[in-house]
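**Q** Put chain B on the given structure of chain A with help from the hints.
Number of protein chains: 2
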Amino acid sequence: MMMTYQNITLIGGGTLGSQIAYMAAYHGKEVTIWGRSEASLDRAKKRVARWQAAVQDYFHSSDAKAEEAKAHLTYTTNLKEALQGADLVIEALPENPQVKQDFYRQFAQLADPKTVIATNSSTMMPTKLADATGRPDKFLAYHFANTIWQGNTAEIMPGQKTAKDLPATFVELSKEIGMVPIMVNKEQPGYVLNSLLVPFLDAGTDLWVRGVADPQTIDKTWMIATASPQGPFGIMDTVGMKTVYEINRANPDEAHQAAAKKIKHMIDEGKLGVETGQGFYSYPNPAYRQADFLK
Amino acid sequence: MMMTYQNITLIGGGTLGSQIAYMAAYHGKEVTIWGRSEASLDRAKKRVARWQAAVQDYFHSSDAKAEEAKAHLTYTTNLKEALQGADLVIEALPENPQVKQDFYRQFAQLADPKTVIATNSSTMMPTKLADATGRPDKFLAYHFANTIWQGNTAEIMPGQKTAKDLPATFVELSKEIGMVPIMVNKEQPGYVLNSLLVPFLDAGTDLWVRGVADPQTIDKTWMIATASPQGPFGIMDTVGMKTVYEINRANPDEAHQAAAKKIKHMIDEGKLGVETGQGFYSYPNPAYRQADFLK
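Note that the protein sequences, when read in sequence, are chains A and B. Under UniProt numbering, the letters of the first sequence match residues 1 to 295, in that order. Under UniProt numbering, the letters of the second sequence match residues 1 to 295, in that order.
Only chain A is shown next, with the shape it has when bound in the complex (with noise of 0.2 Å):
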């Protein structure tokens, strides 16, 4: 019988720890978020709310089962407390490595020596961050994409110190809680998803900054050949200009900083994509959908 994780702590809840803890308690688990203060745990509760309407919607589920998702819930800024009796503690805290350092220290000494942990770190390889957890052979990253019931890739990514069967049992309870397992089989900055996007994103960004064709006509071009809902601008909106511009920005070469400039100006003018209900395309309904779009 394979091991499984039964009682969950989240550290963070913010977009992406809010929703892993609601879909863990949504699927039984019993999940403890922690946050920092009272404040950031409201802010916390408010997200839950609105994945619990968002999950219901997306799966037809009945009230009950929504309530009953929340009632497997539990807030604490003790981390202690958090930690005590925890089969799995998720790290999600914001990108910062001195933050998630200090937390790991934190973890070290206070969590149980067979408590297993796990990073949600979009972009800090596993292998650097193993040491300070006390215990790098029960430490992986676990990567998550956004609005996880419905981009439900768990990517499961070891580090060098993993113990070997680790990863088996993440493959487990990506299954149990309604998510797809990506076995990533070596680090990868980026793991699979962001590797394919980041260079797909890249590409169209560098035909407009040139000129080359307008947003609208480059994601016609890849919906019709490869029978996709978006192309990348449709994508971009989805993702938020913010990521979008944080990632052109963090290159330094000319035609990714033509890019942050012009997806700067964008921000400017609050066209942050869905969300602002305008980016490359203006929401609920976008061109993009509309029927003769591909004509």
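A hint or two may mislead.
Each pair may be met inside one copy or between any two copies, as identical chains are not told apart.
When the alpha-carbon atoms are kept at most 30 Å apart in a straight line, the in silico DSBU-like pairs for lysine-lysine are as follows [said to hold, decoys possible]: (1) Lys242 with Lys128; (2) Lys242 with Lys271; (3) Lys80 with Lys164; (4) Lys271 with Lys45; (5) Lys128 with Lys186; (6) Lys186 with Lys262; (7) Lys80 with Lys264; (8) Lys128 with Lys80; (9) Lys65 with Lys295; (10) Lys242 with Lys186; (11) Lys186 with Lys295; (12) Lys161 with Lys295; (13) Lys262 with Lys45; (14) Lys175 with Lys295; (15) Lys262 with Lys164; (16) Lys186 with Lys264; (17) Lys70 with Lys295; (18) Lys271 with Lys186; (19) Lys295 with Lys164; (20) Lys261 with Lys186.
Keep in mind the hints are simulated off the structure, nothing from the lab. These figures come from a predicted structure and were not determined experimentally.
**A** The following block gives chain B in isolation, referenced to the frame of chain A:
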């Protein structure tokens, strides 16, 4: 009233030449296919018969409509005859600069000065070819994807000497023959479609060659995240392994050379993709179209 083209000549009846010819004829154009020998015209006729069946199947059109299209097609090995009275000549010869230049020089001597000319080249920029046509202002690149009734993009890319009003006539023509016109404002190797597709396929290939994840996992990740019907390896099977091999072989860096080697091995085993029934997947029912693939 916008200028259109009624009498169209295809130079070359290969895969794309014959598809363009058939679709133009299907939409009521008078089309001539020029081939260098009776044997090549015989092959072109066989291809046309195949496209006729595929197009009829795709559009659920009547036998009468399909036969009518055939009646608009003429075949000849006589270049002078092929060019006589042509409003538009579309060059769809092999991707060999010498072969194309030789043809253009003959064309320059034989064709009426009013005849417009376009190249379907995937790789050569129109400005380089323009002078040989004897009418650089009446010349541009007009690029089709494969199985053009389905992936019906027609990329229109002017060169530096193309007359300003010429692209608009190709926008009109594209609509007349069932294509979606894609305006490429500047000369861009790869036009729009391949400028997106090549980095995307590269990214997938790189993850596979370096052992980060297997093709099925990579495809699954992309398909879940973007709700697309294929991932990079499904697309490579559709494009065909020989083309994928050439793209990798042409790039001297280590990753591409390693990829070319792995793909060469597949080709040697007869795994050419959809066309041989075996590539990364088995056809006609590839795993990625099974209901449980995304679970």
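**Q** Looking at the structure, which of the earlier hints fail to hold?
**A** 7, 13
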